[in-house]
Structures are given as C-alpha cells and as structure tokens.
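Since the structure of chain B is provided, determine the placement of chain H on it from the hints.
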Amino acid sequence: MLVWSKTGRFAVWAVAVPLFLVIYGLPVAVIALASISGQWNDILPSHLTLAHYANAFRSDSFTNLKSSIWTGIIASAAALVSGTWAALALRELKPLPKRLLDLFFFIPSAVPSVSVGLGMLVAFSHRPLLLNGTWLIVLIAHFVLISAFTYGNVTAGLSRLPNDCEQIAESLGARPFYKLRRVTLPLLMPYLVAAFSLSFAMSMGELGATVMVYPPGWVTLPVNIFALSDRGAIFDAATLTMILGAATLIVLLALSRLSTKAMLR
Amino acid sequence: MAELAVTAPAPKMTLGRFWIAPPLLLLALLFLYPLGLIIRQSLGDGEVLSSAAFAEVLGSHEFRDGLRHTIVIAIGATAGCLLLGFVFSLVIAFVPFPGAKLASRLIDTFVALPTFLVTLAFTFIYGSAGLLNESLMRLMHTDLPPLDFLYSQWGVILAEATVYTPFVMRPLLASFSLIDQAQIEVASSLGARPWRIVRQIILPAALPALVAGGSLCLLLTVNEFGVVLFIGAKGVITLPLLIYGKAIQEFDYTTACVIAVVNIVLSLGLYSLYRVAIAHLGAGRAGVV
Chain B
12 MLVWSKTGRF
22 AVWAVAVPLF
32 LVIYGLPVAV
42 IALASISGQW
52 NDILPSHLTL
62 AHYANAFRSD
72 SFTNLKSSIW
82 TGIIASAAAL
92 VSGTWAALAL
102 RELKPLPKRL
112 LDLFFFIPSA
122 VPSVSVGLGM
132 LVAFSHRPLL
142 LNGTWLIVLI
152 AHFVLISAFT
162 YGNVTAGLSR
172 LPNDCEQIAE
182 SLGARPFYKL
192 RRVTLPLLMP
202 YLVAAFSLSF
212 AMSMGELGAT
222 VMVYPPGWVT
232 LPVNIFALSD
242 RGAIFDAATL
252 TMILGAATLI
262 VLLALSRLST
272 KAMLR
Chain H
653 MAELAVTAPA
663 PKMTLGRFWI
673 APPLLLLALL
683 FLYPLGLIIR
693 QSLGDGEVLS
703 SAAFAEVLGS
713 HEFRDGLRHT
723 IVIAIGATAG
733 CLLLGFVFSL
743 VIAFVPFPGA
753 KLASRLIDTF
763 VALPTFLVTL
773 AFTFIYGSAG
783 LLNESLMRLM
793 HTDLPPLDFL
803 YSQWGVILAE
813 ATVYTPFVMR
823 PLLASFSLID
833 QAQIEVASSL
843 GARPWRIVRQ
853 IILPAALPAL
863 VAGGSLCLLL
873 TVNEFGVVLF
883 IGAKGVITLP
893 LLIYGKAIQE
903 FDYTTACVIA
913 VVNIVLSLGL
923 YSLYRVAIAH
933 LGAGRAGVV
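Here the protein sequences line up with chains B and H, keeping their order.
So the first sequence is numbered by this note's numbering: it starts at 12 and just counts up by one.
So the second sequence is numbered by this note's numbering: it starts at 653 and just counts up by one.
Worth flagging that the hints you see were computed from the coordinates, not collected in a lab.
Values in this document were obtained by computation on a predicted structure and should not be read as measured data.
Careful, some of the hints might be misleading.
[Said to hold, decoys possible] Between beta-carbon pairs, the in silico distance windows are:
(1) H:A673 / B:N174: 20 to 30 Å
(2) H:R845 / B:H58: 50 to 60 Å
(3) H:L920 / B:L107: 18 to 28 Å
(4) B:G19 / H:L920: 44 to 54 Å
(5) B:A25 / H:V724: 54 to 64 Å
(6) H:D760 / B:D175: 30 to 40 Å
(7) B:G243 / H:D800: 18 to 28 Å
(8) H:A844 / B:A25: 18 to 28 Å
(9) B:L107 / H:H932: 50 to 60 Å
(10) B:P139 / H:E708: 26 to 36 Å
(11) B:L107 / H:V838: 39 to 49 Å
(12) B:S170 / H:H932: 15 to 25 Å
[What the hints assert, rightly or not] DSS-like mimics (lysine-lysine), calculated; alpha carbons at most 27 Å apart, straight line:
(13) B:K17 / H:K753
(14) B:K109 / B:K17
(15) B:K272 / B:K190
(16) B:K272 / H:K753
(17) B:K105 / B:K190
All residues carry an ideal CB built from backbone N, CA and C; glycine is no exception.
Only chain B is shown next, with the shape it has when bound in the complex (with noise of 0.2 Å):
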C-alpha cells in the first residue's frame, strides 16, 4: 500500500476510477448502445432497436463474419503448427545460428501490416503464383502477420518447460518422435492454447493487410465495418463491431477454458 491515508486513498480512487471508466468503459459502453439505437440525434438515442442486429444476421455480414472466423481459424492454425516446428527444431541449433533464425521469425511482427499486404499484391499477382483474388492470399497476409507472434509464444513455453520430464522419457529409451508426442507437446499445451488464442484475436481484428489484398468473395468482418461506416451506416457498423467482439471474446474464452484443463492435467 502506498498511501497510507484513507482520505488520501479516496482521493486517488477519486481521480482514478472515472478516469479508467471514461478510457475503458465508455468507448464499449457507446458502442453498444448505439448497435441497438434506432435513432441518435440528442445527447441519448431517442429510441432502441434491434434492427441492425437482425440485419446483421440476415444480409451478406454473417457471410463476413464466417469468413473472418475462417481465416482466423485456418491462418492460426498454419502459424501455430509452423511456429511450434520452428521453436523446436532452433533448440537443436548453436548459439548464432540460433539467435540469427530467431530474430528472423520474429522478424514479421515488426513490419507494417499495410506493407506485408501490399508484399503479398506484387508478389503474388502474376503466374507462377497468381494468387491475387483469392482467399488464399487473405490467409497468407494473415499467416505472415501473426506467424511471429505465434513462434513467441512458444519459444517463451519451451523455455519455461521442466528439463528433466524430457531427460527422463530420453534416459527411458523414448524415440524422438514418441518424446514429442507423449511428453513435450502436452507440456507445452497451455502455451499452445494461448498461442493460438492471440493468433485468434488478431487475426478476427486484422484491418491493414486485408484491406489491400481481399476479393469481393472473402470480406472480412473489420473490412466490411469499415465499408459501412464510411458509408455513414454507422449503427450497423457498431453492431458489427459488438457482433465482432462477442465471437472473438466467445472463442478465447472456450480456449482459455481449454488451456485451463490442459493445465490441470
């Protein structure tokens, strides 16, 4: 405790408590009363609907909102089982070349998303790889953007691994394959979870890389809230948002969950 005082504990509180509503609690707090306001031409909407929520499940967003799940899913999944081979097979490596392919993987997270799709335009626009226009290249843009983060994640889990259960299933005769199977994959599992919940998360919020490279069949949700809310559709850009949101906070619960169990184990 620092301030030892209980007026001078209020008087923080005081300061600080309205201070993280306004931050935190307010920008949620709009945008969910406007995803259900009919009309908002006063300081409060006049009256509350849920129109646009029903709109939103009945027009071309649950089609966007399955597409970001997807892509979400599949390009977290890519980074997560190439992250996981990457941050295993480096500890088999010496120190340099060890550090130089480290910062390497970790190398795409420091890059502008703008800049990893307009890659993926020049790239992938003419044959051999003509990818442009596809929803493959949406998931590539994605793969490449959270590949680090995921790679992170578990290099940071394989080092917080007890040494010995390794050593002990080895020193029993176990082949590397059965080794990584029974004893080091289940270690590393709740780092797994939590690798892929991030990869998740940004990739259901990814705006910057999409925007460049997605055809008129893969739009994602934050394209399409950025479509209407330039179009001055701006409540049923706050229902995608909340809608946005809600099954991304839905997803890392059931992971969170997951890793929970993982861990108990």
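This is chain H only, laid out in the frame that chain B set:
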C-alpha cells in the same frame, strides 16, 4: 566432413538441425520474397535499377507530411501510453480499489479487440454531433460544436494512446509485482511521502518495463493503420495510409513500394530498439512478442 560424420554420435534424441528448413522456407517464400519484390519495385519498373522514384517520392510534400504526421503521432501516443499506463498500473498495484483486479482484466481484453473499435466509439463520444459536444452545446446554448479535435492529429493520438496503453501496463504490472512491499512500508514508516517513494523506489524498478513497453508502443503506433483510416481526417495522412492510397486508389505501385521501404526501415529500427531494450534491461518478453 566424412570422418566427422562417422565419429560424431548419432543424434538419435534430437530433431536434427535440418528440421528448421520447412518453416524457414515457408516464411522465406511468403514473407521474404514479397519483401524483396517491394524493394525491387521501389527501384523502378524496368530492367535497369534506378533511384529516381526514391528521389521523387522523398522530395514530395505529400511524403514529408506523411512522415512528419507518423512520427508526431507515434511519439505523442507513446507518451500518452506511458503516462496513462504508469498511473493506472500504480493505482492498480499500490492503491488497489475494490474491483482493481477486474479492471486489469478488462484492460487485458482490450488487447484482443480490434483497434478501430475505439475510433468508432470516439465518433459517438467526441464527434461533432457526439455525446460531449451535444451536452456542451446544450449547456452553453450554442449551435456550433465547441470541441473539434477528433478529426485532427489530436484525435488520432488520443485514440492510439487508449488502444496501446495495455501494452505498457502488462510489463509494468509484472515489474511492480516483483517490488518487495516491505521496502515501501519501511520507506513510508521512515516518513517518506508517496511521491518520494514513487520517484526513488518504484520508478527505478519500473524503468526497464517502461522502456520495453514504450518502444513496443512506438513500433505499434508507427505501423497503426485502422485508427487513422477510421478517423478519416483529410489532413492526417500517415505512411501506412499513404501506402494504401497509392496502391489501392491510384494503382501507383512504385510510389507505394518506395514509401513502404521507408516505413519498413523505420519499423525495423524501432524493433531493434525494442529488442535491445528487453535484452539489456531484462524486462522479459514484454507481454506480446
């Protein structure tokens, strides 16, 4: 080599050093190859490499304005994140209010939400017909909105500071949890006032986390796209927005590639700063990377 191969013990328990090849090749094809092509295209369309496009773009007002906005916004937003993050973390860790744990959880979830959520909310709160302006217009009996900062650089800075403060708070809260509470109790029982304790005990201990969190924020704000696009202010164009405009709206790939090269160099510079910060100051992997 042959002798070595015979005498070296067979790597029976390891994955072997060639196992790194598949993920490495994948990343090289999907990331390095496009990056190389961006650099190639920035040096001209034809067979001969030329720096003409560079000279033209770097000399243009549009680019210089974009660069200036990007840097000012990134520095402003990072300063905001550091200040806000330090104050919030201090209160949550050392003057915890009922529900402080919940508050820090809420901030954590903010990391998972898309950045443009905040911008969209700001239109409803601070926009010309938003909550705040409507209320002020009622109070002051005027017809014009008194606050008009949202569609300026300030609006972008405020939105980005809100979005990225959690990235400072995560490492800060972690470093605060390592401070021995007894140290603070002893200091205050010896008569040190809270401000002095913050300055002499908490701030030095939190410095590595502040540097790591701050440089991460700087990197993220330099690359931020969604917030600036959603605010849509004509006068506030940053480098990522300029790249988008050139490539998608004007189909001018060469110019877009030149700006992208500059933006990537800037980002990689900041990323090295971040890596050096976490390596030398031992702040750990500051929450995200």
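So, going through the hints one by one against the coordinates:
Separation of A673 (chain H) from N174 (chain B) is about 26 Å and conforms to the stated range, judged on CB atoms against 20 to 30 Å. As the Cβ distance of R845 (chain H) to H58 (chain B) is approximately 53 Å, the hint placing it in 50 to 60 Å holds. The beta-carbon spacing between L920 (chain H) and L107 (chain B), approximately 20 Å, falls within the hinted interval of 18 to 28 Å. Between G19 (chain B) and L920 (chain H) the Cβ separation comes to about 46 Å, which falls inside the hinted range of 44 to 54 Å.
Look at A25 (chain B) against V724 (chain H): about 33 Å separates their beta carbons, and that is not inside 54 to 64 Å. Distance hint check for D760 (chain H) and D175 (chain B): the Cβ-Cβ separation is about 32 Å, which falls inside the suggested range of 30 to 40 Å. Separated by about 19 Å at the C-beta atoms, G243 (chain B) and D800 (chain H) satisfy the suggested range of 18 to 28 Å. Distance hint check: the CB atoms of A844 (chain H) and A25 (chain B) are about 23 Å apart, consistent with the given range 18 to 28 Å.
For L107 (chain B) and H932 (chain H), the hinted distance range of 50 to 60 Å is not satisfied, since their beta carbons lie about 19 Å from each other. Here the CB-CB span from P139 (chain B) to E708 (chain H) is close to 32 Å, well matched to the stated 26 to 36 Å. Take L107 (chain B) and V838 (chain H): their Cβ atoms lie about 46 Å apart, and the range 39 to 49 Å holds. Separated by about 18 Å at the C-beta atoms, S170 (chain B) and H932 (chain H) satisfy the suggested range of 15 to 25 Å.
A C-alpha spacing of about 20 Å is found between K17 (chain B) and K753 (chain H), which places the hinted pair at or below 27 Å, so the restraint holds. Proximity of K109 (chain B) to K17 (chain B) is assessed by CA-CA distance (about 54 Å); at most 27 Å being required, the pair is judged violated. Proposed proximity of K272 (chain B) and K190 (chain B) is supported: the alpha carbons are some 21 Å apart, at most 27 Å. Proximity of K272 (chain B) to K753 (chain H) is assessed by CA-CA distance (about 23 Å); at most 27 Å being required, the pair is judged to hold.
In summary, the hint linking K105 (chain B) to K190 (chain B) is supported, as the alpha carbons are separated by about 22 Å, within the 27 Å threshold.
Of the numbered hints stated above, those contradicted by the structure are hints 5, 9, 14, listed in ascending order.
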